[in-house]
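Residues per chain, in single letters:
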Amino acid sequence: MSQACPCHLAETGDCILCSQLAGKDFCDCCNWNGVCIYQEYSSNNYKAKESRKYYNCEILEKRRFEENVIIFEVRGSDKLVSELVHAGSYIFVRRPDTDTRFDTPISIMDTDTRNNTITIAIEIKGSKTKALDALEVGGELLVKAPFWNGILGLKNIFTIKDSKCLIVARGIGQAPMIPALKHLHANNNEIIVVLDNSPYKNSFVNKYLEKYALKVVRCNAICRGRITDEFNDILNDLIRNNDISLVHCDATDILNYELMKFVEDIDKSIKYSCCNNAKMCCGEGICGCCTRKNNDRKLRRLCKMQTEPKYVLEGRRIF
Amino acid sequence: MKVVIIGGGWSGCSAAITAKKAGAEVVLYEKTDMLLGLGNVGGIMRNNGRYTASEEMIALGAGDLINLTDENSRHKNIDFPGHKHAWLYDVNKIEPAVGKYLKDMDIEVKLITRVVDVEKEGNTIKGIYLSDGKYVVADVFIETTGSTGPMGNCLKYGNGCSMCILRCPAFGPRVSISYRAGIEDLKGEREEDVYGAFSGSCKLAKDSLAGDVIKQLDETGVVVLKVPQEDINLDKLKLKVCQQYALKEFAENMILLDTGHAKLMTSYYPLEKLRKIKGLENAKYIDPYAGGKGNSIRYLSVAPRANNMKVIGLDNLFCAGEKAGLFVGHTEAIITGALAGHNAIRNYLGMPLLILPRALAVGDIIAYANEKMNSKEGRTNRYTFAGAEYFKRMQELGLYTLDIDEIKGKVEKLNLTHIFNEKLI
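Protein chains in written order, with my numbering: chain A, 1 to 319; chain B, 1 to 425.
Keep in mind that the hints were calculated from the coordinates and are not lab data.
These numbers were taken from a predicted model, which means no experiment stands behind them.
Possibly wrong hints are sitting among the right ones.
With a straight-line Cα cutoff of 30 Å, these simulated DSS-like cross-link-like pairs (lysine-lysine) come out [claimed, not checked]: (1) B/K238 x A/K310; (2) B/K84 x B/K423; (3) B/K238 x A/K24.
Partial pick of chain A residues on the chain B-facing surface, computed with a CB cut under 8 Å [claimed, not checked]: (4) F26; (5) D28; (6) W32; (7) C36; (8) S42; (9) Y46; (10) T117.
In silico negatives: residues of chain A with every beta carbon more than 12 Å from chain B [unchecked claim]: (11) L21; (12) I37; (13) Y38; (14) E61; (15) N68; (16) I70; (17) A186; (18) I192; (19) F204; (20) A213; (21) I222; (22) R224; (23) K261; (24) K271; (25) N277.
The C-beta atom is built at its ideal place from N, Cα and C for all residues, glycine as well.
Please construct the entire structure, taking both the sequences and the accompanying hints into account.
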């Protein structure tokens, strides 16, 4: 349930939360978040609320990191920035002179509610991100926001307190790691970070690690789709000797998956969360780009539907 | 051996007591901060056939809660239109009394704890999930979540949330546990193909009524006021859950009962119109808070069950109260709850499950309501000892009696005296 509820999905009987708005004629309310979406829908004369807006955000800083990463700091309104402070927040960005096909989902790396700024890191990959590289300081970035489902297993991050946590990040995954790191730190957790810089030589988040991480271990985490021996030894040592309550991973899905299995094998009671790597076009459950069907036969729209990592990383129906 | 009961209304409390008496470890989950659910706004006991049923329960050894409501009665043996020898318990005293009783029996009560899902293995429920994600295992489960609300149902089948005692916006909605376990719920109808029914009464703040009305309520327990001719609405009677109160007298008159508050025997009534009635010029609703707009919607969530209260299709889920049929009333909740609680332990031990004989009103209503659930007409009726179809049947079958010794003798002859007091484990 969010301020955007009910959205177009309610109008077509495809709501991801409310049974009454998903083709049933009774309440089966397992996802209650304090407000009845059906009631909101009725109060809104059985229409969806307005969908997310576009904001023109002034570019305050553009930094290049190594070959192909650009880091933008942009100014947002007070409201916009305040809506993006939680771990898992993301936005769609594009160059103002391009059309909606160029909307690119990008995780929030950091927000500053004092100066109302948003920081994002973008790896230059294809035509959408290359178009963004043409933007310069003083220009504007077109932002569609807010979105919040950038982490799978978000509940695990939000509930953990006064514990020890392990965060693993690789490559561009260092950017979405920051809000999770800050949140866990704010809740009095001790955080150990295992960092794999590849494909880069260095890290662009050192200042955050110095401030929020208890310890940083650098290594090469994955090779040809398998956890390396080096990483294997580090994990064994860290998890077995530190009473870890939560492991969070910001990496490619193969590493998210391998790490999840690894942690499960050691101790099933350790909570697990990871970044949401689904491909997205609209972020509003309409385009269908991010849908996954798991062997529990449930269709999930990953742009907005909170899910435990295991339902995304394994058991995928391919028939 | 552990029994988990989901829902702390009258039937859940009753099930907790008999399960405990039979020797189980009992944990009762309730989503709000108070036990008794709609029992906090009810109050009518022992009227018409409920008198017989109450005495049968006492003779069977499950009179604990009846004794408590008796002890906490404000008025005894009062009559009002269509109803004789009613006892009215004080809604402002009963909840703490029941809470203390369960505590003294060493029953664990978890308040503000909402159950949202189950884990199943084949047809056996292994555990339940709480809304905060916690997982709880047990041997047998009893669902007494009722059939009232939540908000979406009250909106779809009624006039929207009227802010009743269940306080869904604050404590979250009821979740049908049997449905979560894969068993489709059955629905009651108030008219052909119109589902659900409105709760049948509301509460006015007694202090907001005229002095002479308060005085009469305190002294006699009942006040009958005339409804202005232009406001008599006979159509509204069919919206009501409580068909025993769906009488012409209840449309032409405003009937108030003293249960600590002033119980108004109509499902809802626009405040502006209510205040046109002499004595109610300054009346104010206290349950539901928006009683001028609507009332809670019920009977959308009945589990298919056998006469031993076991849910059909599952090995270890029992049900009671409104979850178990189109029952109305506390007494009806208490009897079904008692049987479910007792049978939960028999089920665990592999013993034959108890079915109350039809020679007793309490056994007959459980079987009769179940039979009726199978027919379309049956689903538009409600079943209560207090009136309508079932009280008529009780009288015809000779099940209705006020003779306590006769009731005791009948139970004795059936060899069931104090059966619910037996420790099985």
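Hints, one by one, checked against the model:
no. : hint            : result
1   : B/K238 x A/K310 : 50 Å, violated
2   : B/K84 x B/K423  : 36 Å, violated
3   : B/K238 x A/K24  : 25 Å, holds
4   : F26             : 5 Å, holds
5   : D28             : 6 Å, holds
6   : W32             : 5 Å, holds
7   : C36             : 4 Å, holds
8   : S42             : 6 Å, holds
9   : Y46             : 11 Å, violated
10  : T117            : 35 Å, violated
11  : L21             : 9 Å, violated
12  : I37             : 8 Å, violated
13  : Y38             : 4 Å, violated
14  : E61             : 40 Å, holds
15  : N68             : 40 Å, holds
16  : I70             : 39 Å, holds
17  : A186            : 20 Å, holds
18  : I192            : 24 Å, holds
19  : F204            : 35 Å, holds
20  : A213            : 27 Å, holds
21  : I222            : 30 Å, holds
22  : R224            : 36 Å, holds
23  : K261            : 21 Å, holds
24  : K271            : 10 Å, violated
25  : N277            : 24 Å, holds
Hint violations for this structure: numbers 1, 2, 9, 10, 11, 12, 13 and 24, all remaining hints satisfied.
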